[in-house]
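Given next are the chains, with one letter for each unit.
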Amino acid sequence: MRSYSPFLFLIPAIILIILTGLYPLVHSLYLSLVNIKLGLPYKLRFVGLHNYMKAIMDERFLSDLLLTYKYAAICVLLQLVFGLVISLTITSRIVSEKMRNITLSILIAPLLFPYVAVGQLFRLILSTDFGLVNYILNVLGMQAPDWFGNASTAFLSIVLIDVWQNTSFFVLLLTAAILSIPTDYYEAAAIDGAGPIQTFKFITLPYIYPAIFFAVIFRFLGSLKAWDYVAVTTYGGPGTATELISWYTTFLAFYKYELSYSTAVAWIFNLTMLVLTLLLIRIVWRR
Amino acid sequence: MHISSSRSIQKGLVYVIILIAILVTIVPVLEAVRLSLLEHKEVFSLPPKIPLNPNLENYVLLFSRYKAVYFFKNSIIIASIVTVISLLAGSIASYSLSRYYSGKTAGSVFFTAVGYLLFIPPVVTLLAYFEIMSSLKLIDSIFALIIPYCGFNVPLAVWFLKGFFDQFPRDIEDSALVDGCSRVGVFFRIVLPLVMPGIIAVGILIFIMSWNEFLLASFLTRSYNSQTVPILIASFRSIAYGVEYEKIAAAIVLSIMPALAFSFFIRKYLVRGLTAGAVRG
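Protein chains in written order, with my numbering: chain A, 1 to 287; chain B, 1 to 281.
So that you can see chain A by itself, here it is in the shape it has in the complex:
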């Protein structure tokens, strides 16, 4: 009896995961290999990799895929820079523990907000009619852009929303990593006469590198999946300036009724993420 119980403990989770997660995943693979169109008459046919071939030839898909990776890369880079600056600041010896904890609690709150709510919030503060940001820009005598209205600023706007909401993910992880560095490392460095830049480069950075690596991959995968911001702000526009891949797949499915084709597009997108996903799983499991 005793030797069976470890496996028995896994059974409820395995059954749930198969029914609610794996089976739909397999069904989705099936959908991508047939020719279903939503609400339109069709004769169900197995078409093999036809939908995948069509996707690889679809220029709109390829440019959206590129745009999505560009979006995630810019978001993560900005979050890393801001996150590192804030983490190094609040772990400074000048800042008391109480003040650090209060600051952290305030900063991480947006991480838990609904993405739709944050998207809508930025639609309000970036509004051309009454938005707070443009009001401040006007008071300062600066040009106030139509944020979601033209291609270059619309892309910048959804980057801004992601950065506002998720920078604190880096703050959270990097702060914890910096605080776990043994203080005698710093004492030894100080005795050896290391300056602040040398201390950062040779002690802090190597020590927190795993945390940076983890946060970068985790958030990169998160930003790649972005859909909610686009769904309440730009609807992929103007033109296709903010058409991230997730938005394109729902556009294909529910506006073009191309159910099977959109699933194939989603699968190719998913496969491009596979290496990073497996890398992240390995980091956590290997411990």
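Among these hints, one or two may not hold up.
Unchecked claim - In silico EDC-like pairs for lysine to aspartate or glutamate, Cα to Cα no more than 16 Å straight-line:
(1) K67(B) with E57(B)
(2) K49(B) with E31(B)
(3) K41(B) with D179(B)
(4) K41(B) with D129(A)
(5) K256(A) with D129(A)
(6) K49(B) with E39(B)
(7) K37(A) with E131(B)
(8) K11(B) with E31(B)
(9) K268(B) with E97(A)
(10) K49(B) with D129(A)
(11) K73(B) with E131(B)
As the list claims (entries may be wrong) - Residues from chain A that face chain B, not an exhaustive set, calculated with beta carbons under 8 Å:
(12) A13
(13) S28
(14) L31
(15) V85
(16) I90
(17) V95
(18) P110
(19) F113
(20) L132
(21) Y135
(22) L221
(23) F254
(24) F269
(25) N270
(26) W285
In case anyone wonders, no lab produced these hints; they're calculated from the structure. The beta-carbon is built from N, C-alpha and C at its ideal position, and this holds for glycine as well.
Dock chain B against the given chain A, drawing on the hints supplied.
Showing chain B alone in chain A's frame:
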């Protein structure tokens, strides 16, 4: 002299950066609160109007005209059920994984499946869920969301809780086993009470993830029977007034309440859970 002045510059810089970070975080939220307390035409007044005698009209209208209570009820029911199911199945699985499958192929296969399902873009399975729910006649019932949310959150519970179980000292369990306690008994009577704070934190996270989910909710729900709070936030249009910004603002403020209530509590546990202890912190 030189040293003390450079130190005070450093001190000033630290406070300025912290102040900016806090302001950038809270000003947009305060702006939503401000807008939510205005009347429709006041939203457009420049310079921005400060609601000196705030009225809660917009919040009242959310509940009377827009039936917000249905959206909140659905969200609370769905998020609670998903949280309970995910924690029950996830905690025992994660414990078993941490204790008995570490470094074994079976454990690695299971954990890889869990991680893969956790990071898969929801658009991959969206249409499969749509088809499955249509054929089961579940579209527009709360089960259309409960089922997929379990698909995401059971893996999340396993992943997040592993870090807590990994750090739990084994000696306590071993001595209980020697004393004749069964493995099930050890888990429920000894391990579970000690990792309770971690389990509560993960439960809060799952609740909030379900509360926030918008993509599947947009396509698997149709009416007050099953629509959740994110649908309410996304929905304000009126023919007479155009877009009702002040009501959007009120909905935003209500929707972030759980996050504000819990962010202080789960801060301590988030890091360990996220990285399953793989990153020092």
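Verification of the supplied hints:
A threshold of 16 Å between alpha carbons decides the hint, and for K67(B) with E57(B) the separation of about 14 Å falls inside it, so the pair holds. At roughly 11 Å between alpha-carbon atoms, K49(B) and E31(B) fall within 16 Å of each other, so this suggested pair holds. The straight-line distance between the Cα atoms of K41(B) and D179(B) is roughly 73 Å, outside the 16 Å bound, and the hint therefore fails. Of the supplied pair hints, the one linking K41(B) and D129(A) holds, its CA atoms being roughly 12 Å apart against a limit of 16 Å.
In summary, the hint linking K256(A) to D129(A) is not supported, as the alpha carbons are separated by about 33 Å, beyond the 16 Å threshold. Using a Cα cut-off of 16 Å, the hinted pair K49(B) and E39(B) holds, with the two alpha carbons roughly 10 Å apart. For the suggested pair K37(A) and E131(B), the alpha carbons sit about 12 Å apart, so the restraint of at most 16 Å is met. Between K11(B) and E31(B), the direct Cα distance comes to roughly 30 Å. Violation of the 16 Å bound is thereby established for this hinted pair.
Taking the CA atoms of K268(B) and E97(A), the gap is near 13 Å; set against the 16 Å cutoff, the hint holds. A hinted pair counts as satisfied when its Cα atoms are at most 16 Å apart, and K49(B) with D129(A) qualifies at roughly 14 Å. Between K73(B) and E131(B) the CA atoms are separated by roughly 26 Å; this puts the pair beyond 16 Å, and the hint is violated. Because the beta carbon of A13(A) sits about 3 Å from the nearest beta carbon in chain B, less than 8 Å, this interface hint is met.
Interface hint at S28(A): satisfied, since its Cβ lies 4 Å from the closest Cβ of chain B, which is below the 8 Å cut-off. At its closest, the beta carbon of L31(A) sits 6 Å from a beta carbon of chain B; the interface hint therefore holds under the 8 Å criterion. Because the beta carbon of V85(A) sits about 7 Å from the nearest beta carbon in chain B, less than 8 Å, this interface hint is met. Look at I90(A): its Cβ gets to within about 6 Å of chain B, closer than 8 Å, so that hint holds up.
This hint holds: V95(A) has a C-beta 6 Å from the nearest C-beta of chain B, less than the 8 Å allowed. The beta carbon of P110(A) is positioned within 8 Å of a beta carbon in chain B (closest approach about 6 Å), and the interface hint is therefore held. The interface hint given for F113(A) is met, as the beta carbon of that residue sits about 5 Å from the closest beta carbon of chain B, less than 8 Å. Proximity of L132(A) to chain B holds as hinted, the smallest CB-CB distance being about 5 Å (cut-off 8 Å).
Checking Y135(A) against chain B: minimum C-beta separation of about 6 Å stays under 8 Å; hint holds. Hint status for L221(A) relative to chain B: holds, with the closest Cβ pair at about 5 Å, below 8 Å. Checking F254(A) against chain B: minimum C-beta separation of about 7 Å stays under 8 Å; hint holds. Annotation: interface hint on F269(A) holds; nearest CB of chain B at approximately 6 Å, less than 8 Å.
Here the hint on N270(A) is kept, as its CB sits about 5 Å from the closest CB of chain B, short of 8 Å. Interface restraint check: W285(A) against chain B, minimum CB-CB distance 5 Å, threshold 8 Å, status holds.
Hint check: violations occur at hints 3, 5, 8, 11; the rest are consistent with the structure.
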